[in-house]
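Novice: These are the residues of each chain, in order.
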Amino acid sequence: MPLRMELLVCGGTGCQASNSSRVLEVLREGIQEANLQEEVRVLMTGCFGFCEKGPIVKVMPDNIFYVEVDEESARKIVREHVIKGRIVEEKIYKEPETEERLPEQSSIPFYKKQIRIALRNCGKIDPENINEYIASDGYMALARVLTEMTPEEVIDAVKRSGLRGRGGGGFPTGLKWEATRKSKSDVKYIICNADEGDPGAFMDRSILEGDPHSVLEGMAIAGYAIGAQFGYIYVRAEYPLAIHRLRIAISQAREMGLLGKNILGTNFSFDVEIKIGAGAFICGEETALINSIEGGRGEPTVKPPYPAQVGLWKKPTNINNVETFANVPPIILNGAEWFSSIGTEKSKGTKVFALAGKVNNVGLVEVPMGITLREIIYDLGGGIKGGKKFKAVQTGGPSGGCIPAEHLDTPIDYDTLNALGSMMGSGGMIVMDEDDCMVNIAKFYLEFSCDESCGRCTACRVGNKRMLEILNKITEGKGEMEDLEMLKELAETVKDSSLCGLGQTSPNPVLSTMKFFYDEYLAHVKDKSCPAGVCTELLKYYIIPEKCVGCTACAKVCPVNVIHGEPRKVHVIDREGCIKCGECYRTCRFGAITRK
Amino acid sequence: MIKSIEELKQIRDKYKDVLQNREAEENKIRILVGMATCGIAAGARDTINAIVDEVHKENINNAVVVQTGCMGFCYAEPTVEVRFPGKSPVLYGKVDAERGREIVRRHVKNGEVISEWVLKG
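Chains as they are written, first to last, in full-length UniProt numbering: chain A, 1 to 596; chain B, 1 to 121.
Please keep in mind that the hints were generated in silico from the structure rather than gathered at the bench. A portion of the hints provided could be inaccurate.
[Stated by the list, open to error] Using 25 Å as the maximum straight-line C-alpha spacing, the simulated BS3-like pairs for lysine-lysine come out as follows:
no.	chain 1	residue 1	chain 2	residue 2
1	A	K261	B	K9
2	A	K261	B	K3
3	A	K84	B	K9
[As the list claims (entries may be wrong)] One-sided excerpt, in silico: chain B residues whose CB lies under 10 Å from chain A:
no.	residue
4	I2
5	S4
6	L8
7	D13
8	G39
9	C70
10	V113
11	I114
[Stated by the list, open to error] If you want the footprint, here are the derived chain B segments under chain A, 3+ residues with CB under 8 Å:
no.	stretch
12	28-37
13	47-59
Even for Gly, the Cβ is constructed at its ideal location relative to N, Cα and C.
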C-alpha cells in the first residue's frame, strides 16, 4: 500500500527537551491503533528552528504546521487530522498581532525571510537515514567533484562563491583550501570544528543533528580539493545527540562506500573520525583544537605557521566550521554564481543565527547576509517579549559586542558588525530589553571569558580578571571615575597583547557597552544607581505613601522584618536592615513599592 | 556499496518519491478526498489509497493527495475534489477506488473533466 501521509516530528535537542520523543510515540501508537501504519508514517527529523513553539509536528503533503504539540494534542491530531482530515485548529500557529491562524510553515513570519542553504534538509529528512539524504541530491556534489572536476577547479569554485568561514573569523574558505593544497606533504588532514561554545548558540549542533551527511560530504569535497585522505570532527561531549547522529551517519556512509577507500569507484579515499572534546571554549581556536586532538593541553600556539602549513601531527591541515562545510555541497551543485548572488558585496550567501534572549520567537534562523538586525528581531523574531522596549542586541558571543537601537537598520555582514565593535562570530544573537543592565551584561560575558581563558598569556589571564574585579566594584556601588578609565585601558591592553582570538576579543563586550551605554556606567559610578534595576547592591526600595493602603502584605513577606506599619496605614521600609531581596516589590498589588 | 555515480543516481531516484510528498510547492495540483465519518463509511479510505497508488503508477510529480473533512455532500460520498492551480475546483461524487483511478488518469494527468461524475451543488 502506498504511503499517503507523513508526520514529521522535530527531533532536535530543543524539541526533545520538551518531550517530542514521547509525542512521536503517541502518534505512532495512535496510527497503529487506527490500523493506518501502512498508509501513514511518523518520522523524526532535524530541527525546524522554531524552538520557541516546539515540539513541532508537520503533516505532509497537507502542509500543516503544528506547534507546541503535547501528548494530548498528538492523540487529537491522529483522531481528527490523520483519520478524518480535520485540522486541529488550536495547535496551528497564531499570529500574535492579527490573531490569525497560519497553517502553512511558509506563511509564518518566522520563516518568511529565511533562505535555507546550510539548514536545507533540517526538518525535512530523517537524519538517521542516508537514503533520504541521497534522495535530496546528497553526495551528488561529491560525485560531481570526483568525476568531473580537478581539485583546482573545486577550489576555484569555492573561491568564486565568496564563501567565508562561518565559525567566527570570516576568512575566505577558498583561500584557506588553496593554501593547504599548496603545502607539500604526503599526508594532510581535514578538521571540522564543531566545538561550538558561545553561550546561547546552537547553529552547528542543529546542523549535525538534522543533517549530518551534509557536513561529511563537505569534508570529503574539501579532502579531495586539498589532497587529504582523512578528517576529524572535533565535537564537544555536551552534544550527545549530535555525536549519536554523526556516528550513525559515518557508519551508513562507510557501508554505502561514500566514505572509505575508492569512493564511487574512483581512486579517491577519505574517511572520518569523531574526536570528542571536553567542552573548553578555547578549543574552538584552531591551534588549541589541534593540540587537544593530539592529546595535549588545549592551548593556542603562535601563528604563523598556520595550520595550512604545519597543523595536526605537524602536517598541513584545513580547519573549517560545521556550517561552512554544510554550505559546500550546494555551492558545487548550484554553482558559485548562484551562491554569490545572495548576500552583500563582501559577505556572500546566508548565515544561521541562534536567536535568543528577550525576543518572542526564540529559535534558529538562516537569513541572507545583508538583512538588517531589525528584520531579524522584529519580523522573524516577532519583537520583544511582553511588549518591552528594545535596548541592545549582542552578537558574536563573548567575543562580540552589544549593538544599540540606533544601529538596528544596519545591513549585517562580517564587515558592518566589525565596524560596530561587534562581530559575526559563530552566529549567537541575544536580544536585551529595558530590564537588562548593560554593565551587568558586560560582567556576565567577562566572567565567561575569565573562566575559559586557558591562562597562557598574562594579559588575558590576569587582565580579564582585573577587569572583572572593577566591574564587580562598579555594580556594587563602589566604583569611581578612575575605574572607568582603568577599565578601558586594561581592555585595550588585553586586546593588543593576547596571543589568540579569545584574549583579543574578550574585552569587546566591555568596550562596546562602554561606547554605546556609557550613561549606564556613569549612573552606576556617579549616582550609585542601576537604571535597569538589576544590580542588587545599588537598589533602594521605597514605599510610595500615596499608593500604600496598609494591607500589610509586604510586611508579612519581608524575611528580615524591616517593614513596619499598622494595618490600613502607610507602611515604611527601614533600609538599615533591608537585604534587598525584592519580595515586597513582587508582592505589592498596588504598585506602592518602587526601587531605584 | 555504491561503485559509481550511476548507482548513486539510481538510489536517489528510488527514494525521490518518498521526499516528493514533503515538498510544499504551491503550484501543485491538489486532490482532496473527503474523509469525514460519512466519507470513511462509504469507503473513502479505499478511494484515497487507490488515488495515491495511481498517482505513483502514472509517475505524476505535480500532484498531491490530501484528505479533508466533510464537504457536506453526505449522499454522494466518497467525494473527491481536484484543484488545478489557478482554476476553479471540480468536485466528484460517489468516487470508489476504480473511479478514483480513472480521475487520476483522465483528469489529473490529461486535464479532461469527467462531467458525468461531477457533483453540482
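Novice: Now tell me if each hint is right for this structure.
Specialist: Hint-by-hint comparison with the structure:
no.: 1; hint: K261/A to K9/B; verdict: holds (20 Å)
no.: 2; hint: K261/A to K3/B; verdict: holds (11 Å)
no.: 3; hint: K84/A to K9/B; verdict: violated (38 Å)
no.: 4; hint: I2; verdict: holds (5 Å)
no.: 5; hint: S4; verdict: holds (5 Å)
no.: 6; hint: L8; verdict: holds (5 Å)
no.: 7; hint: D13; verdict: holds (8 Å)
no.: 8; hint: G39; verdict: holds (8 Å)
no.: 9; hint: C70; verdict: holds (8 Å)
no.: 10; hint: V113; verdict: violated (23 Å)
no.: 11; hint: I114; verdict: violated (22 Å)
no.: 12; hint: 28-37; verdict: holds (count 5)
no.: 13; hint: 47-59; verdict: holds (count 5)
Of the hints listed earlier, those the structure fails to meet are numbers 3, 10, 11, in rising order.
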